[in-house]
Every structure is written in C-alpha cells, then in structure tokens.
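Start from the sequences, fold in the hints, and give me the full structure.
If you're matching them up, the sequences are chains Z and G in order.
Following numbering that gives the first Met the number 0, the numbering of the first sequence begins with 0 at its first residue and continues without gaps.
Following numbering that gives the first Met the number 0, the numbering of the second sequence begins with 0 at its first residue and continues without gaps.
Treat the hints loosely; a few may be bogus.
Unchecked claim - The calculated EDC-like cross-link candidates involving lysine to aspartate or glutamate, where the alpha carbons are at most 16 Å apart (straight line), are:
{"hint": "1", "chain 1": "Z", "residue 1": "Lys52", "chain 2": "Z", "residue 2": "Asp205"}
{"hint": "2", "chain 1": "Z", "residue 1": "Lys236", "chain 2": "Z", "residue 2": "Asp263"}
{"hint": "3", "chain 1": "G", "residue 1": "Lys178", "chain 2": "Z", "residue 2": "Glu122"}
{"hint": "4", "chain 1": "Z", "residue 1": "Lys230", "chain 2": "Z", "residue 2": "Glu266"}
{"hint": "5", "chain 1": "G", "residue 1": "Lys178", "chain 2": "G", "residue 2": "Asp158"}
{"hint": "6", "chain 1": "G", "residue 1": "Lys178", "chain 2": "G", "residue 2": "Asp163"}
{"hint": "7", "chain 1": "Z", "residue 1": "Lys34", "chain 2": "Z", "residue 2": "Glu78"}
{"hint": "8", "chain 1": "Z", "residue 1": "Lys236", "chain 2": "Z", "residue 2": "Glu264"}
{"hint": "9", "chain 1": "G", "residue 1": "Lys259", "chain 2": "Z", "residue 2": "Glu154"}
{"hint": "10", "chain 1": "Z", "residue 1": "Lys34", "chain 2": "Z", "residue 2": "Glu44"}
{"hint": "11", "chain 1": "G", "residue 1": "Lys172", "chain 2": "Z", "residue 2": "Glu122"}
{"hint": "12", "chain 1": "Z", "residue 1": "Lys93", "chain 2": "G", "residue 2": "Asp158"}
Keep in mind the hints are simulated off the structure, nothing from the lab.
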Amino acid sequence: MFDGSNKEQTSDKGSVSYAEGEDFIHIENLSKIYKRDDSETVAIEDFSINIKKGELISIVGPSGCGKTTILRMIAGLLEPTSGTITVAGHPCDKPGPDRGMVFQDFALMPWRSVIKNVELGMEMAGVPKEERRKRAEEYISIVGLEKFKDARINELSGGMKQRVGIARALVNHPDVLLMDEPFGALDAQTRNLMQAGLIKILDKTDQTIIFITHSVDEAVYLSDRIVVLTKRPAKIKEIIEIPWPRPRDRASPDFTALRKHILDELEKENVLDD
Amino acid sequence: MSFKYDKNNKYHRLGKNALIVVVSLTVFVLAWWVVSILAHSTVIPTPIKTFDALISFLQDGYLGISAGRYISASLTLFLKGFLLAFVLAVPLGLILGFSKSLNTFVTPIIEVLRPIAPMAWAPVFIYGISYDTGPMLVVFIGIFFPLLTNVIFGVKKIDPSLVDAALTLGASKFHLFTKVMAPSAIPYIMNGIKVGLGVGWMCIVAAEMYNPRGFGVGYCISDMCFNGLWPSTFAMLIIIAALGILTTSLAEYLQKYVSKRMGVE
Numbered sequence: 000m001f002d003g004s005n006k007e008q009t010s011d012k013g014s015v016s017y018a019e020g021e022d023f024i025h026i027e028n029l030s031k032i033y034k035r036d037d038s039e040t041v042a043i044e045d046f047s048i049n050i051k052k053g054e055l056i057s058i059v060g061p062s063g064c065g066k067t068t069i070l071r072m073i074a075g076l077l078e079p080t081s082g083t084i085t086v087a088g089h090p091c092d093k094p095g096p097d098r099g100m101v102f103q104d105f106a107l108m109p110w111r112s113v114i115k116n117v118e119l120g121m122e123m124a125g126v127p128k129e130e131r132r133k134r135a136e137e138y139i140s141i142v143g144l145e146k147f148k149d150a151r152i153n154e155l156s157g158g159m160k161q162r163v164g165i166a167r168a169l170v171n172h173p174d175v176l177l178m179d180e181p182f183g184a185l186d187a188q189t190r191n192l193m194q195a196g197l198i199k200i201l202d203k204t205d206q207t208i209i210f211i212t213h214s215v216d217e218a219v220y221l222s223d224r225i226v227v228l229t230k231r232p233a234k235i236k237e238i239i240e241i242p243w244p245r246p247r248d249r250a251s252p253d254f255t256a257l258r259k260h261i262l263d264e265l266e267k268e269n270v271l272d273d
Numbered sequence: 000m001s002f003k004y005d006k007n008n009k010y011h012r013l014g015k016n017a018l019i020v021v022v023s024l025t026v027f028v029l030a031w032w033v034v035s036i037l038a039h040s041t042v043i044p045t046p047i048k049t050f051d052a053l054i055s056f057l058q059d060g061y062l063g064i065s066a067g068r069y070i071s072a073s074l075t076l077f078l079k080g081f082l083l084a085f086v087l088a089v090p091l092g093l094i095l096g097f098s099k100s101l102n103t104f105v106t107p108i109i110e111v112l113r114p115i116a117p118m119a120w121a122p123v124f125i126y127g128i129s130y131d132t133g134p135m136l137v138v139f140i141g142i143f144f145p146l147l148t149n150v151i152f153g154v155k156k157i158d159p160s161l162v163d164a165a166l167t168l169g170a171s172k173f174h175l176f177t178k179v180m181a182p183s184a185i186p187y188i189m190n191g192i193k194v195g196l197g198v199g200w201m202c203i204v205a206a207e208m209y210n211p212r213g214f215g216v217g218y219c220i221s222d223m224c225f226n227g228l229w230p231s232t233f234a235m236l237i238i239i240a241a242l243g244i245l246t247t248s249l250a251e252y253l254q255k256y257v258s259k260r261m262g263v264e
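Now the structure itself:
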C-alpha cells in the first residue's frame, strides 16, 4: 500500500518557495462564533499556531469541541468570525485545490471511476487530458490502486475508498493536506494499514498535513506535534512535540506514557476517548 | 431425468417465478370466466369471445382503420407529451433545486397547479386548444409534475460532503452544477420518468376519449363501448394493459440500468 516513487512536490502557484521546516501556515487569533437568532455559541476561541512545511500536526480534543470547524475554516469552507489564516502566504478566504481535503465519509463521486475521481480537480482546472491521465495514474499507484483505477467506487472497500480520497487531494499538489478524521470510518486493522501508508507518503515527500482525529493512539503514532484542545469553546490546552522517528512502536514505554498523558488531559475535559 | 429445485440457481429462481406468474394469470382468467357465466350479461364477455375479438381487431382493425394505426397514434402522442415534459421539467427542476430564491418564487405557482388532476385539463386543452395537441398536453401535464418534483428533490438530496469535496478541488458554481448536482440528480430523474410514464399512460387513454375524431386506443375503446361491442371493448382493455406494462417495465429497466451506471443501487 502507498508504494511507488513520488518526486519532491512543488507548489504550482506562489512565487515564494518554502523549504522543509520553515514556517508555512500561520493561524492567528482564530475565532468562530455561531449565531442563531439571539443566542451565540462560541465554537473556537483565540486559536493561534504556526505550522512548518512538511509537518504533520494533529488536533485532538473532546468530541464536538470544534476540531472540524478549524479544519473547515482552513479549507475555506467556513468563514472565521475573526482572526486570519494564511497558507504559503495566501489567505484562505475561499476553498481551493491548494488545500486538499480528505473526508471521513470519503465524499467520492459514485458515478465516476477511481481514475475519474482523481482527475476531477485537474479536469476543473482545465489540465489537458493526457497530462491529467498521467498524473492521476501516478498518484493512484502511490496509493497502490493501479489494479482498480477503472473500478467503480461502490466496488471498493472502505480503506480503498479513502486511498482514492487521498490520491484525489494529493494529485493537485496541495500546500497542505487537511484530513478530517480520515480513518474514523474504518475498522481497526485497516486503520493501522492506512496509518502506515500515510507514513510512507510522509517519508517520500515534504507534504504538510493537518490531521483531525479522536484517536489519541493515532495522533501519537503519526504526528510531529499534537494540539490538544479544551472542550467548547475550544482553546489550545497544550501543544506536544514528538521528536521520535517514524514508524513508531506502539508498545514502547514512551509511546504508552504519552498516550496516557493526553488521555488524562482529555478526561479532565470530561469527555471519554474511544 | 430428475429435476431438483435449487434456490441459489438464477435460472431455477426465474423458472419458479415464471411458473407463479402463469398460475396467477390462469386463476385470473378462470375467475373472469366464472363471473361472465354467472353474470350472464353481454357487458362481460367470456375470455374466449374476448380473445376472438382481440384477434379480429389485430387482423382487421376497427372501422376500416388498422390496429397498428390506433396503437401507433396513441404511442406517438404519448412520446410527444413525454418529450415535451422531459425537456421542460429536467432543466427547470435542476435550476429550481440549485437556486433557493428562484425556488421560493416558483414553488407557490407549482403548488397551485400540481394538485389539479391531469384529466381535469383534458376538456380545457382538447376543446380549448385543439383536438390534435390537446391530448398530448394532457400527457405532458401528467408527466411534467411528478418529473419536476423528483428532479428538485434529487438536487436537494445531494450529499453535502460531495459539494464540499468539489469546492476543495476548486469547483466554480458552474462546475458544482455540471459535475456534482446534475449527475447526482440523475437517479432521481429516472425515478421521476418512471412515475411520470405511469401517470402519462393513464392520461393518454382518458384524454383520447374526448377526441371525437381521433385515432388512438382511447378513442377506439370509447367508440366500441358506445356501439355495445363488449368483446371488442374487453380486447382493447387487454391491449391497453399490455402497452401500459410495456412502458412501465421499459422505464423500470432504464432506471435500474442508469442507477447502476451512476454508482447507486
């Protein structure tokens, strides 16, 4: 899974190029208040973080705390009430393929074949057919679905569907890959395979990833940094740096200790993790 | 050679179903026969007399006009009404599903017109407009509204994460419409066609009865009734039923085929 070679990715647009490890995404004083009639719900309060190029940041927090809200604001699908987000120097005021998104429910077009799903973004951007095909095939092989490129979506398993979802986002060379509980709908075994596959992609590219999950185990296994949120209104409770190389040993004392620490922190927020 | 029924064998299952259909129809014909004998009335002819009338209608036609001509007249009218409904209802439904303000504007008008039975329009269209286009317009009304409401429903039922996915892939409003909303509405359009064809077929037969110089099966059956030709009338009922079954099964087949192609089953 996720085999094949992938060259260093370059951003299609943007005059400035960023090196791995440079500050790349700036989120400043981000807030989101939902107003309905005369009541206000503060979902996110004063969320600020700088993310480096090539980093994998995961955001964990009590259920319903607004993790997805943050991701949707970065994607440009939701307007912040206040604060600013820039990715590679560009403000995120509307959605675009420079911020690829991977959805928990896959969100693939069932009437399109695997390759046609992967081509969709390029199709809308007016990339010529030949090139579209070539690039789509390359990314389909990265996620290990060569044999299924002409398959229908409803013929695929959940894990395969999400691999299509990842290829569909990556093929547009996004500055950042936004993953919204991408493996949440998969069984435990497939989930572990997908995590291992994601690590392979990380090894080969300098893809920046923001990863939402409610699985602390998954966050510790994958992330360079973990952002722990408080319950609603979500604020940053703690940012934990994990310098360990990947793949990581889930049974190591460090791993279990960190996992326990985060679970304890979340429990203080009164909500149980899985 | 012995035969053993295997419920996992497709052909055995089909054979079993066919057998049940044959038995069911036989029971129906026998019941009809009993009723016709008991009623002892010319209004209910026996199956045999009906069958003879059917054969003679198919061979010699009625009033010097061939059976094929009556049937093709009805089918042509039906097809015209359907096509008119299709070209108007599908784009309109897609647009109304897409644009909220337009939908709010048009919905009251639709809701006023929709509950009117298509047959209520028949005298208006046929006597008010013309004998030729009138019945076609009745069929049009019969198909238009079920089709329109299904198309609007289809666009509204779209999975919001498909829209989000398309937006994050760089979709413009135009792309959203052509690449996401229209294709995801297609299974609903097919369902609308299926429902519409059923209603439309009922409309055509009834609408033709208003037409004193028509050719269709509806005209034919009402004329036979007026002249007390009961076996012929019953033969026409069989033809109408057969044509109705044909159109709905065609629509059902199409719906299944398209749903499969669109990845929804």
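*List of violated hint numbers, smallest to largest*: Hint 12 contradicted; others consistent.
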